[in-house]
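Residue numbers (my numbering), protein chains in the order written: chain H, 1 to 398; chain F, 399 to 570.
Some clues are possibly wrong.
Now the stretches of chain H that chain F is said to cover, found in silico as 3 or more residues with beta-carbon under 8 Å [as the list claims (entries may be wrong)]:
1. 9 to 23
2. 29 to 37
3. 71 to 79
4. 108 to 119
5. 122 to 136
6. 141 to 153
7. 306 to 313
Rough simulated footprint, nothing fancy, chain F against chain H, three-plus residues with beta-carbon under 8 Å [claimed, not checked]:
8. 56 to 66
9. 165 to 175
Since the hints were derived computationally from the structure, they do not count as laboratory data.
Just so it is clear, the structure is predicted and the values come from calculations on it, not from any experiment.
Note that CB positions come from ideal geometry on N, CA and C, so glycine has one too.
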Amino acid sequence: MGPLVPDLISNNLNFIVALIIGILFGIILEQAGFSTSKKLVGLFYGYDFTVLRVFFTAGIVAMIGVMGLEHFGFVDINLVYVNPTFLWSAIVGGLIMGLGFVIGGFCPGTSVCAAAIGKIDAMIFIVGAFLGVLVFAEGYPLFEGLYKTSNWGSPRFFETLGMSQNIFAFIMVVFALAAFWFASMVENKVNGVTKPPIRLTPYYIGIASIGIIMALSAFVFPERKASLLDLIEDEKFVQSYKIETVSTDEFALCLLKIMECNKFQIFDFRHEEEFRKMSLPKSTLFTLDNLFEKEPNKLLNLKHKVNVFVANDELTEKKMAIIATELGYKRIQIVKGGLNAFKEEILNFQPIKNPKTIDEENINRFRSKAKVVIPILIQQNKSSGPVKKTQKRVVGGC
Amino acid sequence: MEETKYMNPYLAGVLLGILLIATIYITGRGLGASGAIKSYAVTAVETVAPTHTANTKFYEEYGKEHAGGSPLMSWLVFEVTGVLIGAFLSGLISNRLDLKLEKGPHTTTRIRVAGALIGGLLWGVGSQLGRGCTSGAALSGMAVMSTGGIITMFAIFAGAYMFAYFFRKFWI
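Using the sequences and the hints given, assemble the complete structure.
Below is the structure:
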């Protein structure tokens, strides 16, 4: 599961990755024509909308792509850097940058790109940007109030608006397509081209159909968690879903043997307080959110281990197990009747009076023993506690 | 030999989008640019006036956020170095390497120089307030649907269109 840094790719190797990504970034920007200020500011005067096309195409492709990565569980979105939102700072900063764009003719990335191919104005622009940072640094007491006011944390736009991720993505794609169409019309008018902006040539048909596919694909990748939560709301579905169950006796046996064989891993989905009061030997406190995260998931993926999900009631166990199974985890079992049944039948076991069959005798013998031994194990147990988030979000941005 | 034509903008956009997806998948962060300029600025001040950086709040906070090592050992510095190399290679292949000052048809060199310098300065300040520029805040912000990033993006475009009229002589 991504991001690959820092597990698969070390922080030092990441610098090499940065260099390679930068090279590709530079090639694409330069090839797209971002190395000339005249082309860049074209979109503000209507004669060349290249920047708008490249920028919005890249934006929506990346947006849909990231949704896809998240949907298929390739990336833990909680570890991805989401730019923080400081409302007024973002607006004022943006407006200043906009002003800088029409005066200077570049933005920082494109100025680097243009300077690389020998544009002197771009080199001067970089010097200016360098001085600008110093101005900000020296004048920081002046800016600080604005810089830190209305801190909204790091929300994502669809969360701020309270809509689903898919609808938001769809709106963004449609917005981009509308902007492309509008831009073509303005461009033709300004440049005195009389051809209609959109013609039935294979090129335009191709672009339009890719655009429509993009817009629709916004709905292909529902947010994974939301869609799985919907899934387990459906009672019939939950009932008909097959999850391997172990009986309370089998579970008790597994607890008795757990010190010898390491086959079982117990994942406890109860509240943390309950877990603190009574935790089973070698059990790990787990939450619904943990199932979607990169670090905790390493436990679930251990080979040759049977993952037993426990909660107070069987239904919760089953729901969690369904989510885990849908996420692709294997060897998941739940305890029949949940921990409530386990407490009732094992921990508070009242021997069957006058056992009539051998089975009943066996039950008496086994449960009486388990009733004594398991509480001792629980006492001795130093629980592994909640899964610690060892990883933090990458610090990104500028 | 003549300059080769630029790439189709939609194709370039798709490639850039894919690069951004790969970047997020591999590193957990997006692309950027202004952060590298900031790293250089901080390093320069640290070198020239170390006591000053120790006593100024901005550098103090910067030091806390980027604990350990020189500011130049940062992801963005490497990435932007890559941009320089990549753009140079691309210019070389497409025959666009040329040392020149580019300006609008009805403006003087002096105005262009001043414009580039002031424009850059505004970006320096603005990208600090916006916590990123077109790459770091707007583009990468859009990819992860960050509220702040998308607001900054619209503010950049709004600002540019708002002020474009007053500076039209620079370009057309």
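Here's how the hints hold up against the structure:
Counting residues of the segment 9 to 23 of chain H whose CB lies closer than 8 Å to any CB of chain F gives 11, so the stated coverage by that chain holds, three being the minimum. A stretch counts as covered by a chain when three or more of its residues have a beta carbon under 8 Å from one of that chain; for the segment 29 to 37 of chain H and chain F the count is 8, and the coverage holds. With a threshold of 8 Å between beta carbons, the proposed coverage of the segment 71 to 79 of chain H by chain F holds, since 4 of its residues qualify and at least three are required. Chain F is given as covering the segment 108 to 119 of chain H, and this holds because 12 residues of the stretch bring a CB closer than 8 Å to a CB of that chain, at least three being needed.
Counting residues of the segment 122 to 136 of chain H whose C-beta lies closer than 8 Å to any C-beta of chain F gives 14; at least three are required, and the coverage claim holds. Three residues within the 8 Å Cβ limit are the bar, and the segment 141 to 153 of chain H against chain F gives 6, so the coverage statement holds. Here the segment 306 to 313 of chain H counts 0 residues with a CB under 8 Å from a CB of chain F, which misses the bar of 3, and the coverage is violated. For the segment 56 to 66 of chain H, the assignment as covered by chain F holds, since 10 residues bring a beta-carbon within under 8 Å of that chain's beta-carbons and 3 suffice.
Counting residues of the segment 165 to 175 of chain H whose beta carbon lies closer than 8 Å to any beta carbon of chain F gives 4, which reaches the threshold of three, so the coverage claim holds.
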